[in-house]
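K.L.:
Residue numbers (the working numbering), protein chains in the order written: chain A, 1 to 337; chain B, 1 to 345; chain C, 1 to 325.
Don't read these hints as lab results, they were simulated from the structure. Given the structure is predicted, the values throughout are model-derived calculations rather than measurements. Just so you know, not all the hints are guaranteed correct.
What the hints assert, rightly or not - Cut-off 30 Å, straight-line C-alpha distance, at most; resulting in silico cross-link-like pairs (DSSO-like, lysine-lysine):
no., chain 1, residue 1, chain 2, residue 2
1, A, Lys328, A, Lys299
2, B, Lys164, B, Lys148
3, C, Lys235, A, Lys130
4, B, Lys159, A, Lys272
5, A, Lys202, B, Lys283
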Amino acid sequence: MTENILEVRDLVKHYPVTRGVVFKKTVGHVKAVDGVSFELKAGETLGVVGESGCGKSTLARVLMNLEKPTAGSVLYKGQDIAKLSGGGLRRLRRQIQLVMQDPYTSLNPRMTVGDLIGEPFEIHPEVAPKGSRRDKVKELLDLVGLNPEHINRYPHQFSGGQRQRIGIARALALRPEIIVCDEPVSALDVSIQAQVMNLLEKLQNEFGLSYVFIAHDLSVVRHLSDRVAVMYLGKMVEIGTEDEIYERPTHPYTQALLSAVPVPDPTLRDNKAIIRLTGDVPSPVSPPSGCRFRTRCWKAQDVCAEQVPLLEIRQGSDHPSACHFAEKREIVPAHEV
Amino acid sequence: MSDILVSEQSAAGTSGRPSGRLLEVDDLRVEFRTRDGVAKVINGVTYHVDAGETLAVLGESGSGKSVTAQTIMGILDMPPGHVSGGQVRFHGKDILKMSAEERRRIRGEGIAMIFQDSLSALNPVFTVGFQIAEQFRVRRGMSRSDAKKRAIEMLDQVKIPNAKGRFSNYPHQFSGGMRQRAMIAMSLALDPEVLIADEPTTALDVTVQAQIMDLLGELQRERRMGLILITHDLGVVADVADRIAVMYAGRIVEEADVYDLYAKPAHPYTLGLLNSIPRLDEKGQELRTIKGLPPNLMNIPPGCPFNPRCPMAQPVCREKVPPLLQVGVGRASACHFAEELVNRD
Amino acid sequence: MSDPTAASIVSTPPVEQPTGVGAPADAGVPENARREKPRGLLGDAWRDLRRKPLFWISATLIVVFVLMALFPSLFTNGDPENGTLTNSRVEPSANGWFGYDVQGRDVFARVIYGARASIVVSLLSVLGTLLIGGTMGIIAGYRGGWVDALLSRIADVFFGLPFVLGAIVILTTFNGSGTSNSKAEIMALVSISLIVLSWPVVMRLMRSSVLATREADYIVAARALGAGTGRIILKHLLPNCLAPLLVYGTIMVGTFIGVEATLSFLGVGLKSPVVSWGIMINEAQNYIRVSPFLLFFPSAFLVTAVLSFVMLGEAVREALDPKLR
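Here chain A stands alone, though its shape is the one from the complex (with noise of 0.2 Å):
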């Protein structure tokens, strides 16, 4: 269980910023990742959070092969998944999965339930021989909680949750090693939420699956998740077993984070920590130079301007760090069951 199924080095994706119809001048890059590594071992779950704009669904997209890196690269099995093509891109297709955010739009609306899932086994053909297909798909269903009679449906004619167990059952069908799941609960009501992820959790039990688990959600994210990586502006600010973050976490940020989530219990209201940012996050147009958190963080000196603050253990941590003043500090309350 110890090797790393999937390693990220130094993933670098800037989007050009275009003006002009005709003749297109780039003005500047969206630095939507900017120099990000890490790895993911067979059968964890990492999880990957965030709020809006760090980067973490580009992440998922480049990791996806949907976007090739502007600089770095990703391996699978030492295998850089950016230079395959043909054979080699089909064949990795097969082992990276993806789990989207919006079960209402990442079905087509035009495909019955059976198409759907049945979609990965035309587009690769040698899974699974035309004759069996229909059974596999009905298999599928029965395996995510959904009755294979429903075959024949169209995407309207479920609940959120069960649309977004279609889209897992359309992840699992070729049977992949690795599923990116990009926000995948985060649509649904809260009692569904927790079928959904229970499913998730069920589902790598059985398979031993790898999952890269994207969400802005730190609760949901500590419930899932093994390691958890924290993003800020295309950044990993921070990254550590999921106890090492929710416990003992060494960036500002992180901690800022950690103590604007709302904990569902009223008697915590004036024992908590609280630090509240001030602002939005900048533009990943133009990002502060030096550590990119500096112009929110209330521990900013001039050294934070100048120098990026690189992610390793850093005294007074005992986990990767991109803070130079990185120092412990509680802040979720603890709570007996």
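Start from chain A and add chains B and C according to the hints.
P.N.:
Same frame as chain A, but now just chains B and C:
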């Protein structure tokens, strides 16, 4: 500048306003009459909010929490919406029976509302400042320059930095959090007594959500407003609410003080919700889910609407609709077995 | 887990996987569900269409019109081209159901024979327009970049030409007085000029439709599965972009029948002795007050034909949208 305004308003708030029931919703019933049938969206909702109090209306999508608010505001689309019974009393007067003119006067000055999607709630072709100033000009008959001055004061009160400079910005030039602040400024411009906030932070990031909730709380205390917070987020509710009304399938299933509700829910739905959310301060176990799906509002199951999903369901639950009954001081539950839930250890 | 087996998750459970995941699921499928045929969008659309009276009415009418165009002699044995002047403007009677025109020709026979020119020209032009405009629109919208810029500018050039003026220029060049084109050649020329002048509209429709759909999550999802360009366009883009095109196409059929009439009137389109509804309407306009039936019958056929196409388009559009079922 803003200090003067605040003191003026809070003075008005304490002296001029009666302290009794500010807004009461009484046995409200709303249905949607569509081609496919009649959807019973609200089936007898009763709640109230007093001055200076925060009532959280908690529910999942389709529970009717937003439709109730839209009915109070008189912005429900009719048709297909249709109020089939009940009252909404503001200072004791039923606003559902008022003329369009009277209702318009209450809107903004008596009851104001902020929405989840601030981008579509603000008109994109006018500047933010203009949209706020407009209210002072139309409703208060102020001159252009006075209205502008007040609008800048409002922007300043919701802590928009450089309010003067931001006055002539268009909505798209604001970030999500700033837009929500502008929305708050706009809805508070006419100094309403009740503010209805419909999922005000759902579209925002957590750090910004925290800022906005702090701001709302602060403004509410200063103005002694009644605040109805409509949300599905059990975390936000725990942080800010005084009282909570939990809605399911167009009914209030439980109403309680915030501390009581979290400590000992008196309805199996509330209990299920609390059990099913992952918590920041808890490591992952399997979540205890509520099985099944919310009912189709065109075909609500007989008896207790929650009975098909309820782990405690008994035959009586399929036959009799449980009424919302008192189960203790200041709390009520619509469950046949509420007493057992409250008295368990 | 390192072996990238070609197996689906349920067909051949690997060793570490608890067995029995696939099998009981299979067994749990009821017998009747298994026998049920797989269905797709087109099959479902057809099932839906069959239940619609609107579809049957319009389809029947269109079949009648098409038959009329193909085999006019099935409907009448009158002569559309020759008449006797003694019958000039004789009102409808048992002999001549629709009466006789100025030159004493049987209006009923003319209306029947006129269907061919009107319907062939308009259908051909609409099909051509949809095909060319639609294809260009998909290419421009899906490829984007310089391809889009180039195609869009070309479309703009054609879009800038005034419709009737453009048609007159094209047709007087190839079909002016003194030319001796056959009936088929004239019809082809009229169709081509209509296509040339109207494809940009369809292209714009298609392009904006594709642009809006291209970024949809389900397209991204298909790409993530490894779907190729062909599959994405045929399976995902087209079914979701077709609705506005269908609606516009059916409206265009009607418009083109009218335009064909206008061009005929201006003397650059179809010419006597070719019979078309347009020509008949134009000929009738001088006698509106004295012999209104001359105008009424061809117009009635024209309106009915146009309506049938519009109704058919509406029915098909609804059938292709699963949400409306």
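K.L.:
With reference to the structure, classify each hint as holding or not holding.
P.N.:
To see whether the hints hold, each was checked on the structure:
no. : hint                 : verdict
1   : Lys328/A to Lys299/A : holds (13 Å)
2   : Lys164/B to Lys148/B : holds (9 Å)
3   : Lys235/C to Lys130/A : holds (18 Å)
4   : Lys159/B to Lys272/A : holds (24 Å)
5   : Lys202/A to Lys283/B : holds (17 Å)
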